[in-house]
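Q: Please construct the entire structure, taking both the sequences and the accompanying hints into account.
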Amino acid sequence: DTAVSQTPKYLVTQMGNDKSIKCEQNLGHDTMYWYKQDSKKFLKIMFSYNNKELIINETVPNRFSPKSPDKAHLNLHINSLELGDSAVYFCASSPPGQYTGELFFGEGSRLTVL
Amino acid sequence: GENVEQHPSTLSVQEGDSAVIKCTYSDSASNYFPWYKQELGKRPQLIIDIRSNVGEKKDQRIAVTLNKTAKHFSLHITETQPEDSAVYFCAASLLSGYSTLTFGKGTMLLVSP
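Quick mapping for you: the protein sequence lines, in order, are chains B and R. Each residue of the first sequence is one higher than the one before, counting from 2 in our numbering. Each residue of the second sequence is one higher than the one before, counting from 130 in our numbering.
By construction, these hints were calculated from the structure, which means they are not laboratory data. Where is the CB? At the ideal position from N, CA and C, for every residue including glycine. All clues stand as given, with none of them false.
If you anchor each label on the Cβ, the simulated ranges turn out as follows:
no.	chain 1	residue 1	chain 2	residue 2	range
1	B	Ile56	R	Leu239	36 to 42 Å
2	R	Arg180	B	Ala4	22 to 28 Å
3	R	Glu185	B	Asn18	48 to 54 Å
4	B	Pro96	R	Val149	26 to 32 Å
5	R	Thr207	B	Glu103	21 to 27 Å
6	B	Asn27	R	Asp188	24 to 30 Å
7	R	Gln174	B	Leu55	24 to 30 Å
8	R	Glu208	B	Glu83	44 to 50 Å
9	R	Arg180	B	Lys53	28 to 34 Å
10	R	Gly184	B	Asn18	49 to 55 Å
11	B	Pro96	R	Val183	18 to 24 Å
As a list, the in silico DSSO-like pairs of lysine-lysine whose alpha-carbon atoms are at most 27 Å apart:
no.	chain 1	residue 1	chain 2	residue 2
12	B	Lys10	B	Lys41
13	R	Lys200	B	Lys41
14	R	Lys151	B	Lys37
15	R	Lys187	R	Lys200
16	B	Lys45	R	Lys171
A: The following block contains the structure:
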């Protein structure tokens, strides 16, 4: 009964490959996010979607392409992976309404690019 | 955009001591200040939050204070326990529209028995 679930939890791949991470939430939230946590633990917003519509794209390279087929899902596809893409990627969601209150994070997906 | 500075980056205390983590923010329009705890290998989870119309909020052993004039807010943990060991993140946002949380860089708290 995980509220925000991500797959896969671990991903090891070679430079230049393309990979995807999937996220699903069963909380009925309207807004979903992707955050990147680097090796120094810094949490940085990448994208925000509200009801399948892109709201925020924080100067992320266009190799990263989010897709939201419905408001319960937000997937992240990464093309031409680079060493610097190695990080933990967290999906999150927040309750409906006009304000951003508590974020509910998934367990994270650790991406290692070799 | 918002910028959140957090200090210290690491904090070691003995069990039973108090711990204080401080954050400053740059955008005077921000009005929501949550704190998240992230245990090793786990997801960040909200532990307490405060809105700009309140100066202090307590929940058992944790408390948060806010000084809007100074754009400064702090997390206080009393009677620390080993299970308090984790990375703590402060954050700030404007509770309006679709603004997102801007996080500080985190404080690794280590509580020694």
